[in-house]
Amino acid sequence: MTDPTSPGHDPIALHRALDRLWAGKPGWGRLAAVNHNVVGVRFMLTALVFFAIGGILAMLIRTQLASANSVFMDAETYGQVFTMHGTIMMFLFAIPFFEGMAIYLLPKLLGTRDLAFPRLGAYGYWCYLFGGMILIGALIGGVAPSGGWFMYTPLSSSVYSPGINSDVWLLGITFVEISALSAAVEIIVTIVKIRAAGMSLDRMPIFAWYMLVVATMMLVGFPPLILGSILLEVERAFDLPFFDPTRGGDPLLWQHLFWLFGHPEVYIIFLPAAGAISTILPVLSGTPLAGYRVIVAAIVSMAFLSFGLWVHHMYTGGIPHVALSFFSAASALVAVPTAVQIFAWLATMAHGRPRFSIPMLHIFGFFFVFVIGGLTGVMLAMVPFDWQAHDTHFVVAHLHYVLVGGFIFPMLAMAYYWLPHLTGKQPVQHLSNAAFWMIFIGFNVTFFFMHLTGLLGMPRRVFEYPTEFGWETLNFISSMGSFIMAMGFALVALDFILLFKFGRPFRRNPWKAGTLEWAMPTPPPSYNFASIPRVNKRADLLDPDTLGPYLASGRGYLGMPRNDRMEVLGVDPVTGEPDQVVMLPRQTYLPLWTAIATGAFFLMMLFKLYWATPLALISIIACFWLWTRRDPLPVENDLVPIGHGLSVPVHLHASTPPSYLAMVLTLVADATLYISLLFGCLFLWVSAPNWPPAGFVVDVKLLALAVGGVIMSCVGGRLAARPNGAVMVGSALALLGHLISTGLFLAIALLVLPAPSGHAAIASVFVIFIYAALHGTIGAVFAAHALWTSLGNRKAILSLDLRIGRLWHDYTAAAGICAAAFYLALQSLIGEGGL
Amino acid sequence: MRHPLLLAISAFVVWSGAFLTIYAVQATGCSLDWQSGNLGAWTSPLRLLLITMMVASVAAVVVILLRQLRPRLKAPVSETSSFINGVAIYVSIAALFSTAFCFTGVVWLTLCSA
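So the protein sequences, as listed, match chains Y and R. Using numbering that gives the first Met the number 0, the first residue of the first sequence is number 0, and each one after it goes up by one. Using numbering that gives the first Met the number 0, the first residue of the second sequence is number 0, and each one after it goes up by one.
Read the hints as simulated data drawn from the structure, not as lab findings. Beta carbons: idealized from backbone N, C-alpha and C, even for Gly. One thing to keep in mind: the hints can contain errors.
Stated by the list, open to error - Taking CB as the label site, the calculated pair distances span:
no.: 1; chain 1: Y; residue 1: S827; chain 2: R; residue 2: V12; range: 26 to 34 Å
no.: 2; chain 1: Y; residue 1: I440; chain 2: R; residue 2: P44; range: 27 to 35 Å
no.: 3; chain 1: R; residue 1: L31; chain 2: Y; residue 2: A820; range: 17 to 25 Å
no.: 4; chain 1: R; residue 1: L31; chain 2: Y; residue 2: P753; range: 52 to 60 Å
no.: 5; chain 1: Y; residue 1: T245; chain 2: R; residue 2: D32; range: 43 to 51 Å
no.: 6; chain 1: Y; residue 1: V696; chain 2: R; residue 2: D32; range: 22 to 30 Å
no.: 7; chain 1: Y; residue 1: G742; chain 2: R; residue 2: T103; range: 33 to 41 Å
Said to hold, decoys possible - Coverage of chain Y stretches by chain R, computed from C-beta distances (three or more under 8 Å per stretch; other residues unrestricted):
no.: 8; region: 294 to 308
no.: 9; region: 771 to 777
Isolated chain R, as found in the complex:
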């Protein structure tokens, strides 16, 4: 069990990274006027980029959660492992919901106007 506490929080680390990156890209994109282009069916390259980042971050959290769920199918190594794995799964579920919920605004809200 290498760095089990760090593994337990990995899903929320992804959420934090996604939060900073999406916020920074949104601000930078508005500054560089990426919102006003036209990319086929998409009204703006910035929106496409932000949606891609949101989907990628949700996918990353799902992957982490699936990896944490896998050991539950086997016999737990110890009470401590089982405890940390259980906490990790709860934390990852919370992170998954948070990631999906926090960033959905990139799909429909105005990107650069206050």
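Just chain Y, with the same shape it has in the complex:
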């Protein structure tokens, strides 16, 4: 370790040392890469491949609809094509692309070297890739899902979709969503804890605020979809009738769960793009972003409001007027924070001198298209209008104006803006203008006329239409527009290839930006910064031209490799002052192996090899167990120097290490799923036909014993985690409690309850008890791990593991008590009748 201020300090040696630690391995070693630069680029490139596949499917759709009574595709093929188009664009392109963008950009904008959990990012990527491959494989094999990207029941139930098509969607998408949840946890923890020194909340780059809000939305938005997918798959595989109205289920439950995810999803896609615009536009306008504080408030408000709109996809579903009014009002209100951002961007341009470069051209495209989409959105938010336009091509036009306007144009703007960073080359831009205008004109020709087709009454999702309805000319125009747009995207692809081959080299910071990603060499080294900066003002008003050489010479923080460790700064979430050094894991194949084990589980479910799924689950647990192995090098118990006279503890001894925060966030997502499950089951009691069921009784003493078990595990976990606590006794108590409660919940679910296929009420109790048992099983693994580690006498490291374990034991206890209370409450409500 060399002091960077000492005369003997050599910046070149520093770069070599850092590169040796952080850079990936060649050949097969690439599969072990966990670095955010590699993972981020992989996410984006893979998403673009899926975008191309989704685009080709869109062309097939437009070819089919270009003429009346077309015989280009039959109904089944068309169903698969339009379902896969929507599924790919939403789940395999839009979300993963911005995940990749965030994974690549965030550490740079935050002035750090990597994300908080590099292995989690790599695991998420492999899950995304394998899940996407399952879906594309099904498409090639002719067994792709065909019930629409929303998978409405009962169309997607086993009665009406008996093949594996719907299973492919349910299992493939759930597999892919692992990557979304892992990215959400990783992004939140990174923004909250892993930043440059001095980067307080009010100095964070605006993009970080956007991503903090988006990741939080993902954390609570995706669990309802995952729950819905699990319940529907369980219905299809084991005949548990959650969505079957003849046995106490309700198809509307699926719609609630799907749209509880599906509408916030629109904002989850839009907000990262808006964050990029808020970053790029001030640079291209040569002035700071107007209304930074108001924009932060607007995106927070938008995030909340977006969770109050889900029923606006279900206005025609027979919902009482007063309930419709809640959702209609929220749907209209969400336009206000959107407008606040639009006006802030207009004010920024008005204050500055906009440069009409290629990124700015795409921002113009965004303004034009997105504002039209927003206005038709307000129209559709009004119940009477929606009743007229529901399920017509007007809605298709609206959603494409919102999504293409809100994501594709900003994506192209950010691609042209940040490609020089990624490649170290500036575009030659011979094709960029033509490509933009072809996309812009093609898009508007395609989708503006679709509004009219919809207003003339053409329904969505039909594969043919008769000549006499008068829709053919408009459809033909739309199809011609779509081909112009497709040629525009092909030109963009060619433009990027030209950039990679013939781009012009440039000196640092070609746009004269004030953000930290330009304070490093381009393309960026694997460690981003040779030393970590201190930020004294807002992180989009800095001077990268001065800061870059300063950091490269190692004169910031951590400008000194220590014990061959990959280190970043951990900071106080509010003030941004350093409070720990976070040691990151080295390259490893573990994320790949864990994703393969996870994929094996999903494939076994898909091919109904249920007997083999426990093997896959054990493999997954074993792989994650291996993640907990730490570097054998000793960890300092004292404070360690980070430069500039500051010393902080290593994260294992800090009060709020990243992994502790990650567990809190994981439990938030888990609790969202559980609350959705409990509410969903109560919804069935309120709304579903064929209630109440024939009586079913569980011995309350057994339930009380199970609750006693979870309380014992909670007490044990707390005993073990106390400072100088009884680690072995506490962990043993926790293990015993989990084994008792898990055994009892499983016994009640499998042996005491009547067959859960008989009625949705029994199925609800069954699933809730299985949930409690599953958490008890994982809790037992935590307790066993603590016991195992304590036998190795690694007390110093153990305290963090024990605190994380305590969180799980506490949550499991709460979930177990709620499971028992739910059964009692349901029995009481069934006794009350009410229906």
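Given the coordinates of chain Y, work out where chain R should sit on it, guided by the hints.
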């Protein structure tokens, strides 16, 4: 400044809780036929309950907003505190308007018929 980000969003957390609770109570009330009773001047116990919940949620957001406005009268502790407090006030104003606007339908719209 303990959990300042959580304090900043507290008004919208109230809105979210009110949204779920009012929607759940409306659905449950219709299921249990609470809308057809007669409670003095009120045509239905369900409507009275929903209006009470709406007023309570508006009052809760007002209380949060007033608490956030109070520190502005004193000298701000730091730029960061001032920033978070400013964001919190904007967010709470938005939540107040949203709470009042979203639930007013409980006063006059039909409660259980589609």
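| said: Please list, smallest to largest, the hint numbers that this structure does not respect. | reply: 2, 4, 5, 7, 9
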